[in-house]
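Generate coordinates for the entire structure from the input sequences, incorporating the hints supplied.
This is what each chain is made of:
There are 2 protein chains.
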Amino acid sequence: MTTPLAARIAREYGTPAAVIDMDRVERNIARVQAACDKVGLANRPHIKTHKSPMLARLQIEAGAKGITCQKLGEAEVMAGAGIDDILISYNLLGEEKMARLGALQLKANMTVAADNPVVIAGLPQAAAASGRPLSVVVECDTGRKRAGVETPAEAVELARQIAASKGLTFGGFMLYPTESGWSDAQKFYDEALAGVRAHGLTASMVSTGGTPNLKNLGKLNGATEHRPGTYIYNDRMQVAAGVATWDDCALNIYSTVVSRAGPDRGILDAGSKTLTSDTGGGLEGHGLILEHPEARIARFAEEHGFLDLTRSNTRPNIGDVVRIVPNHVCVVVNMMDEVVMVRGEEIVGTLPISARGKLR
Amino acid sequence: MTTPLAARIAREYGTPAAVIDMDRVERNIARVQAACDKVGLANRPHIKTHKSPMLARLQIEAGAKGITCQKLGEAEVMAGAGIDDILISYNLLGEEKMARLGALQLKANMTVAADNPVVIAGLPQAAAASGRPLSVVVECDTGRKRAGVETPAEAVELARQIAASKGLTFGGFMLYPTESGWSDAQKFYDEALAGVRAHGLTASMVSTGGTPNLKNLGKLNGATEHRPGTYIYNDRMQVAAGVATWDDCALNIYSTVVSRAGPDRGILDAGSKTLTSDTGGGLEGHGLILEHPEARIARFAEEHGFLDLTRSNTRPNIGDVVRIVPNHVCVVVNMMDEVVMVRGEEIVGTLPISARGKLR
Chain G
2 MTTPLAARIA REYGTPAAVI DMDRVERNIA RVQAACDKVG LANRPHIKTH KSPMLARLQI
62 EAGAKGITCQ KLGEAEVMAG AGIDDILISY NLLGEEKMAR LGALQLKANM TVAADNPVVI
122 AGLPQAAAAS GRPLSVVVEC DTGRKRAGVE TPAEAVELAR QIAASKGLTF GGFMLYPTES
182 GWSDAQKFYD EALAGVRAHG LTASMVSTGG TPNLKNLGKL NGATEHRPGT YIYNDRMQVA
242 AGVATWDDCA LNIYSTVVSR AGPDRGILDA GSKTLTSDTG GGLEGHGLIL EHPEARIARF
302 AEEHGFLDLT RSNTRPNIGD VVRIVPNHVC VVVNMMDEVV MVRGEEIVGT LPISARGKLR
Chain R
2 MTTPLAARIA REYGTPAAVI DMDRVERNIA RVQAACDKVG LANRPHIKTH KSPMLARLQI
62 EAGAKGITCQ KLGEAEVMAG AGIDDILISY NLLGEEKMAR LGALQLKANM TVAADNPVVI
122 AGLPQAAAAS GRPLSVVVEC DTGRKRAGVE TPAEAVELAR QIAASKGLTF GGFMLYPTES
182 GWSDAQKFYD EALAGVRAHG LTASMVSTGG TPNLKNLGKL NGATEHRPGT YIYNDRMQVA
242 AGVATWDDCA LNIYSTVVSR AGPDRGILDA GSKTLTSDTG GGLEGHGLIL EHPEARIARF
302 AEEHGFLDLT RSNTRPNIGD VVRIVPNHVC VVVNMMDEVV MVRGEEIVGT LPISARGKLR
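Line by line, the protein sequences are chains G and R. Letter by letter, the first sequence follows residues 2 to 361 of my numbering. Letter by letter, the second sequence follows residues 2 to 361 of my numbering.
Keep in mind that the hints were calculated from the coordinates and are not lab data. Heads up, a few of these hints could be off.
Covered by chain R, according to a simulated footprint, are these stretches of chain G (three or more residues, beta-carbon under 8 Å) [as the list claims (entries may be wrong)]:
(1) 8 to 18
(2) 112 to 123
(3) 259 to 273
(4) 296 to 309
Listing some non-contacts, in silico: residues in chain R with all C-beta distances to chain G over 12 Å [claimed, not checked]:
(5) ARG32
(6) ALA63
(7) ALA109
(8) SER136
(9) ASP185
(10) SER205
(11) LEU218
(12) ASP248
(13) ASP249
(14) PRO294
(15) ARG312
(16) ARG324
Ideal placement from N, C-alpha and C gives every residue a C-beta, glycine not left out.
Now the structure itself:
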């Protein structure tokens, strides 16, 4: 079964194609902005998901205070498009990056994160290059064992180092609590805040993160802003996390069935170079096929998706164009030079993914 | 520990960076060409690994008969750079693709693969658009359960359909035997060949595939050519398969340690958007760190690689630039706009990955 829109996409652009529904995109932007407004938190969306200045501007026009980037290269694209309030939620390190960060400070109001003294020791080089003070927030690990200091005492120590560094100002704290760990995060934050206050510092930015954490929005007493990313498109992970419905999933991969291979098998023209091998935290199969939800995208070659149809009552024909909700949309978008925009059944045009591949 | 070259790469380009050693690239090209020459097989390297016309030309100058592409978009880039003998080892389907394939036939000598009657029924549209005959080989599944017909009888049936189609010529067979399945492949091929001969057809192209299958080169009696891809760079998968040594691995990801996070942990600035989540067929960890081979790249965020150092006697410092051999180099290259070329300790320059992201 091929929808009329899928047939038009295949004819005009070919498959596999990443297609975003702008009606859904705008609805997702509005819903999360309203949720932030409701609890009095600023919204600072993470652009790692869409990597598009046009979509970042839509988020800001809807009320977002600024944006979050993970890499300098992303921030350069966004600042170049006129976005002027940017948090880079990442340890930036090395001469090459300090020179670029200094140049960025002349274009946008920059904040960066740090979780160790070596990174902080390097940042004054950027501030010196720009001649402007650089705001630095301390990243705190509140349970995920990813980046971030592991104790409030370390956070206080880094805050003091920042405040004592020429050209740097202590900006506050950045947290990404686990979905069930917000009371631990509160304890961590309260202790860190008391610690910095004891040294005469204030935390003007207290930033929480994550689309799955939208269900915890406002739970951290003292938070000033939230950094959701995936919500603009959503994906199987967000549906599994309970923060999105299938109707909120704004990006589909349109893919052609190019072979049936065997009676219980099928082959898509989308493989790991389109959908990536990301399991979305252990989801069954490599994406949901809307036309055949019981079909399992069981394995990948680089340009092939291998379907296991044993449990599927409906079976695609060769030539069918199907729509796939990816496991993890952020890594999928990162492989696309452009996405096709639609509104309902109408094709609007294409959108370049300007910050795609900006990995440094 | 940071090598002097790694320090220069970080200073001049920043990290993470994909770096290829051209001495190793040329050695890999020469070695595999010599192996093909020795057993009297033509070499038709698959460019999915490097996606660079410059490197494809090096392969042809070394003696390769032509190249293999997986997607039309890759073939368009290669034909645009003057490469004139191209096999697209893929079921191509749909009006949009047939128009492009017809246009490509005017630029290069094209062969395409097919494993089902629907795909074959569409191909005459390309031949008609070009006004030239199109050579079609039948893809045979000899044990992998990927693409390809499952029985010699089906292969013969498709060969007859091709031969009876206006504008198409039956070109032969394409196989990708499992590493231990070459006697099965021989049986399949012999039966299919006898079948087509009974109908007055000949198989002028009999193509086997795979870098891991270099150890089986020449084992299929009747084969005319081989399609190795990964051998130009190699990776952990090829070392595990026994067809490459660490010294044959020509591409490294240079990555900075941006945090130690905890005593037994470390964080790289390369995550799933640099190295991908590809496990390389179930390898332990997400890549080998040459400076710390006992460190495990245990988990990824999109831009972070999380190190488990519990079993590592040596531990990196924040700011160290390390070199990583990826699990699966083909999917890594597909995320890079460019690679940095070196020869030994000298930086040569950058090479654009012109066919990157050509997924359709």
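Problem - Closest CB of chain G to the CB of R/ASP185 still more than 12 Å away - result: holds (16 Å)
Practice task
Taking the shortest Cβ-to-Cβ distance between R/ASP248 and chain G, state whether it exceeds 12 Å.
Solution key: Answer for R/ASP248: holds, closest chain G Cβ roughly 25 Å.
Handout entry: Within 8 Å of chain R's CB atoms, at least three CB atoms from the stretch 296 to 309 of chain G: coverage verdict
Key = With 5 residues in contact (Cβ-Cβ under 8 Å with chain R), the coverage given for the stretch 296 to 309 of chain G holds.
Exercise for the section: Three residues minimum, CB to CB under 8 Å: does the stretch 112 to 123 of chain G make the cut for coverage by chain R? Let me know. Expected result: The restraint on the stretch 112 to 123 of chain G holds, since 4 of its residues have a Cβ under 8 Å from chain R and three suffice.
Problem - Cβ separation check - R/ARG312 to all of chain G, threshold 12 Å - result: Given a closest Cβ separation of 17 Å, the condition holds.
Practice task
Report holds if the minimum CB distance from R/ASP249 to chain G is greater than 12 Å, and violated otherwise.
Solution key: For R/ASP249, whose nearest Cβ neighbour in chain G is about 21 Å away, the distance exceeds 12 Å, so it holds.
Problem - Cβ contact check, 8 Å cutoff: the stretch 259 to 273 of chain G against chain R, three residues minimum - result: As far as the stretch 259 to 273 of chain G goes, the hint holds, because 10 residues have Cβ atoms under 8 Å from chain R.
Handout entry: chain G versus R/ARG324 - minimum CB to CB distance exceeding 12 Å, so not interface
Key = holds (16 Å)
Exercise for the section: Quick one: work out the minimum CB distance from R/SER205 to chain G and report holds if it exceeds 12 Å, violated otherwise. Expected result: holds (24 Å)
Practice task
Mind verifying the non-interface call on R/LEU218? Its CB should be farther than 12 Å from each CB in chain G.
Solution key: holds (21 Å)
Problem - Whether chain R covers the stretch 8 to 18 of chain G (at least 3 residues having a Cβ closer than 8 Å to its Cβ atoms) - result: Holds, because 8 residues of the stretch 8 to 18 of chain G bring their Cβ atoms closer than 8 Å to Cβ atoms of chain R.
Exercise for the section: Take a quick look at R/ALA63 and tell me if its Cβ sits farther than 12 Å from every Cβ on chain G, holds or violated. Expected result: Non-interface label on R/ALA63 holds, nearest chain G Cβ at 24 Å vs cutoff 12 Å.
Going down the numbered hints, you'll see the structure goes against none, and every one checks out.
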